[in-house]
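Keeping the supplied structure of chain A fixed, place chain B upon it in accordance with the hints.
Protein chains in written order, with the numbering used here: chain A, 1 to 310; chain B, 311 to 620.
Please note that the accuracy of each hint is not assured.
[What the hints assert, rightly or not] Have a look at the derived ranges for each label pair, beta carbon to beta carbon: (1) A/W8 <-> B/P330: 38 to 44 angstroms; (2) B/E421 <-> A/R10: 35 to 41 angstroms; (3) B/P417 <-> A/G48: 49 to 55 angstroms; (4) A/L265 <-> B/R320: 43 to 49 angstroms; (5) B/A317 <-> A/Q150: 51 to 57 angstroms; (6) A/N290 <-> B/L363: 32 to 38 angstroms; (7) A/L53 <-> B/G603: 53 to 59 angstroms; (8) A/A184 <-> B/D314: 33 to 39 angstroms; (9) A/T92 <-> B/S548: 56 to 62 angstroms.
[Stated by the list, open to error] Sample of chain B residues lacking proximity to chain A, with all beta carbon distances greater than 10 angstroms (derived): (10) I348; (11) G428; (12) R487; (13) A545; (14) D581; (15) P583; (16) E607.
What the hints contain is simulated information worked out from the structure, not anything from laboratory work.
C-beta: ideal position from N, C-alpha, C; glycine also.
Protein chains: 2
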Amino acid sequence: MESDFIAWLRRCVPAHPRLPLGLRDDAAVVSATGCGDIVVTSDLLTEGVDFRLHDCQAAAIGRKAVAVNLSDLAAMAARPVALLVSLALPRTGAATLARALYDGILPLAAEFEAAIAGGDTNTWDGGLVISVTALGELTARGPLRRDGAQPGDSILVTGSFGGSLLGKHLTFTPRVREALALHARYELHAGIDVSDGLSLDLSRLAAESQCGAAVKLAAIPVDPAAFELTRQQPAGPSPLEHALADGEDFELILAAAPGEAQRILQQQPLDIPITCIGRFVPQRGLWQENPDGTLAELTPRGWQHRGREK
Amino acid sequence: MESDFIAWLRRCVPAHPRLPLGLRDDAAVVSATGCGDIVVTSDLLTEGVDFRLHDCQAAAIGRKAVAVNLSDLAAMAARPVALLVSLALPRTGAATLARALYDGILPLAAEFEAAIAGGDTNTWDGGLVISVTALGELTARGPLRRDGAQPGDSILVTGSFGGSLLGKHLTFTPRVREALALHARYELHAGIDVSDGLSLDLSRLAAESQCGAAVKLAAIPVDPAAFELTRQQPAGPSPLEHALADGEDFELILAAAPGEAQRILQQQPLDIPITCIGRFVPQRGLWQENPDGTLAELTPRGWQHRGREK
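Bound conformation, chain A alone (with noise of 0.2 angstroms):
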């Protein structure tokens, strides 16, 4: 999608009582009377874009289309609570279709301990699409927000970035266990998951906290699977470019004060390695910072295509 429908979509709908925090997070935050807060999010996968039929198994594609939800609300710190589940599925072999999409779904549903909690299945002319939403319910820390970095705070991530394609984007974990339990345990200012590119959703953090983000390349955790894309495709981007670019890695990027990212760091207490990878700055905008302390513009990449509403 054009991003100037995005633009026109956020003025043309209203800032609105039962949304506190708007529409500038992985999920949004609505407000129902007599039952407090829910967070909510929806992803919808479309055959040809977000997965092939034929590269990948049902399962699979069931399987993220839940992930990908999860993950936003890892993005909030929020607890699964329900999944709606919405397919449009070709004619033929369709219920042959639906069950091996629920063969992935459900285990993974079972896993975070959400109900599925309705949706809508049904048959047309046209590929496949998987529509999901999901709920989550707020910890007694409130949500975690983009919005909330500051000048001076570490840039913490979890995990390692880059050549998700190699498999990665079909098996990933959602990071909701890492997020709850990182959000009871420390103060965080700020956290985002990466689905479209690790420069490109850090870039989103810090706009949203108006400040900038400066990284340290070389510290940036680079996933084997970025080295072998490299090796597979040796005039394609190295494998610090896949990091940064990639997307579907679905790790956390969180901020932190120095204080209580040292903390972190030197506690790990996650089962997955948690990486300072540099510090936000006041200067707006992404930057990379040289061995002698300068900053240099680094230009934020991924699948800025997608275009995605949120």
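Then chain B, alone, in the frame of chain A:
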């Protein structure tokens, strides 16, 4: 979709503590910790099945995608809170089409005070798919359910039935205000909205309530559009047959004890008529009540082949 897939799915989706009512109503009630109950429903509309882009204006399609979900909230007597709108758009003219869809979506959302709480806007090589999720909140009366009708209860309906294809299927007003007003003022036992056909949806409500429904055919309020359809196609169904089977009337079927039903019928508290079309009976199934009081079997008809999950 084949109905055995739906049956398979129901078996595979286990009972869940988050779903106090299970998945047998028009929308699901989801329990969130520290938040209470929220009502959720999803409907997905596809080009060629639910609409043809050449036959109707895009704004009308966008409006309908929201309205069918609001109608599901009405069936539960839930107050609309928020909507998530996900689109799979054909690449050519995607932004123009998306804006036109929202020209129908936004006014209806505003009319029913529902926030647009996000969604996902994508382009692809296929046709138009619109997936909407609606969130609603319950009043102090709790949800109106499908399973509360009792033998002896009157069958009440709002508005009139049949011939929706001539226009009402796009222009209908979801009966949210009507459901909330009736649920607040009277003791309703059960409710459902008519999406797939008066006779089919009535038989579903009766089945969930573990009783039967006996209809006085002469009492059914037949819409003028049903007569017009029969005039256009004299060899086709009669106006009454249209009323029983066409579907997409998006009116309400309600169950109330005879005395309460009498109060409602005398007071006629809505801007649209409420009619009694029969009574619930102990004998399971759908029946027509003859003038002499005997019952004859009536076959439920409607859009069963759409195979919606719920």
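Is it true that the C-beta distance of B/E421 to A/R10 lies inside 35 to 41 angstroms, as the hint says?
With a Cβ separation near 21 angstroms, B/E421 and A/R10 fall outside 35 to 41 angstroms, so the hint is violated.
Status of the given 53 to 59 angstroms range, CB of B/G603 versus CB of A/L53:
holds (57 angstroms)
Whether B/A545 stays farther than 10 angstroms from all C-beta atoms of chain A, as the label says
Non-interface label stands for B/A545: nearest chain A Cβ at 28 angstroms, farther than 10 angstroms.
Quick one: are A/W8 and B/P330 within 38 to 44 angstroms, going by C-beta?
Roughly 40 angstroms apart at Cβ, these two residues keep to the hinted range, so it holds.
With d taken as the least Cβ-Cβ distance between B/E607 and chain A, does d exceed 10 angstroms?
At about 30 angstroms from chain A, B/E607 clears the 10 angstroms cut-off, so the statement holds.
So B/G428 supposedly isn't at the interface. Is its beta-carbon more than 10 angstroms from every beta-carbon in chain A?
Violated, because the least Cβ-Cβ distance between B/G428 and chain A comes to about 5 angstroms, which does not exceed 10 angstroms.
Could you say whether the range 49 to 55 angstroms given as a hint is met by the Cβ separation of B/P417 and A/G48?
violated (33 angstroms)
With 43 to 49 angstroms as the target window, see if A/L265 and B/R320 comply at their CB atoms.
48 angstroms Cβ-Cβ, so the 43 to 49 angstroms window holds.
Distance restraint evaluation - A/T92, B/S548, Cβ atoms, bounds 56 to 62 angstroms:
Violated - the Cβ-Cβ distance for A/T92 and B/S548, about 36 angstroms, lies outside 56 to 62 angstroms.
Interface exclusion of B/I348 relative to chain A, criterion Cβ beyond 10 angstroms:
violated (6 angstroms)
Find the nearest Cβ of chain A to the Cβ of B/P583 and say whether that gap is larger than 10 angstroms.
Check passes; 31 angstroms lies beyond 10 angstroms.
Return holds or violated for the Cβ distance of A/N290 and B/L363 against the range 32 to 38 angstroms.
Violated, at about 54 angstroms.
Checked against the numbered hints given earlier, the structure breaks hints 2, 3, 6, 8, 9, 10, 11 and satisfies all the rest.
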